[in-house]
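Q: Add chain B to chain A, keeping to what the hints say.
Taken in sequence, the protein lines are chains A and B. Everything in the first sequence is counted per the numbering used here, starting at 1 for the first residue and increasing by one. Everything in the second sequence is counted per the numbering used here, starting at 1 for the first residue and increasing by one.
Among the hints, a few may not be true.
As the list claims (entries may be wrong) - Straight-line Cα separation of at most 25 Å, BS3-like style, residue types lysine-lysine; simulated pairs:
#1 Lys114/B x Lys93/B
#2 Lys224/B x Lys178/B
#3 Lys151/B x Lys224/B
#4 Lys224/B x Lys121/B
#5 Lys71/A x Lys2/A
#6 Lys74/A x Lys4/A
#7 Lys195/B x Lys2/A
#8 Lys195/B x Lys33/A
#9 Lys121/B x Lys151/B
#10 Lys178/B x Lys100/B
#11 Lys33/A x Lys2/A
#12 Lys33/A x Lys178/B
#13 Lys224/B x Lys93/B
#14 Lys100/B x Lys33/A
#15 Lys4/A x Lys44/A
#16 Lys33/A x Lys194/B
#17 Lys79/A x Lys195/B
#18 Lys151/B x Lys194/B
#19 Lys70/B x Lys195/B
#20 Lys93/B x Lys151/B
#21 Lys195/B x Lys4/A
#22 Lys2/A x Lys44/A
#23 Lys194/B x Lys4/A
#24 Lys70/B x Lys93/B
As the list claims (entries may be wrong) - Every beta carbon over 12 Å from chain B, so not counted as near; a handful from chain A, in silico:
#25 Lys2
#26 Trp42
#27 Ala78
Said to hold, decoys possible - Simulated restraints on C-beta separations:
#28 Glu82/A x Asp196/B: 22 to 32 Å
#29 Lys151/B x Ala51/A: 50 to 60 Å
#30 Glu119/B x Gly13/A: 25 to 35 Å
#31 Gly150/B x Lys4/A: 36 to 46 Å
The set of hints was computed from the structure by calculation and includes no laboratory data. Values in this document were obtained by computation on a predicted structure and should not be read as measured data. Note that the Cβ used here is the ideal one computed from N, Cα and C, for glycine as well.
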Amino acid sequence: MKIKAGFIVRQIGENFYAMPITEMSQIGNGMIKLNETAHFMWEKLESGIDAEALADAICSEYSIEREAALKDVKAFCAKLGEAGVLES
Amino acid sequence: MSIYCRFADRVFEINNKYPYLESFCSDYIIDKTEPNYVIEVTNEEIMAECENEASNFSLPYLEILAVHRKITEALASEDCILMHAATIEYNGKAYAFSAKSGTGKTTHIMLWEKVFGAEVKVINGDKPFVRRRVVGDRTEFIVYGTPWCGKEGKNINTSATLAGFCLLERSEENFALKWGEEAVPNLLGLIHQKKDPEYIGFMLSFVDSFVRNVSIYRLGVNMKDDAAIMAHDALTKNN
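Excised from the complex, chain A in its bound form:
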């Protein structure tokens, strides 16, 4: 899985925001809000990674059970998939 090219990501306050350069995202004005963990996943997904490897990466960065990490990864990727910003 990989994030499609064409987003600008910046920190605003405590969170990160991804804004599309094109009209490809279907969410609101296209902006996607990312908390710290979501931003971590986003960065990994920018260069392309599968769900299992991403769950491993989360476990090595944060103290979280692998099962919970994989659940988070799947939920996040499902959201990104719905928004049309992921490619396989």
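A: Same frame as chain A, now just chain B:
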């Protein structure tokens, strides 16, 4: 045709096709001087404004929209952004009120005028330029009047430092809640948009400074005088 105007502390030479622009900008015209920017719009750019507005507008009107767009994009390179908000000056400071169309931001600033009289001046009733300025260790935001100010035509050729920004909503009971980062999605929706990587980066950095440095409130207001009094008390208590 050619006029010289000052907007947001910059000089623009505008080469216009229709004389309407000259009367529209009359309060901002200055004597000929070395411009910071030369603005000229093509027939194609004028016609492109039809896509953004109802198509029954006249060409002279569409020209002022196209000129506004070019000025907005020129100023973006100078830390200055177009924001959709009715902005007043009160006691030497600027207060901005934003809301979805039809919520009543114009009605709300008219309440301020009614209650606080001549102390309230409408800098721009709809779309002021807002400049980010770093002064020592402070970041402040300066709001500027322009003639592009909504259908009531309320504007003054002046500027003031922004002391409070409000997102208005209708409410039976008046209330003011201090907001911070929660306002980010709203703020991004109020800013002139352009699908350009450099501009988007600038816009996000601008909003980041804005939420860190400006007092932002969520204001629930009704249409009575009390709404202006409550908003006044919330906005001015720390200033």
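Q: Against which earlier hints does the structure fall short, listed by number upward?
A: 24
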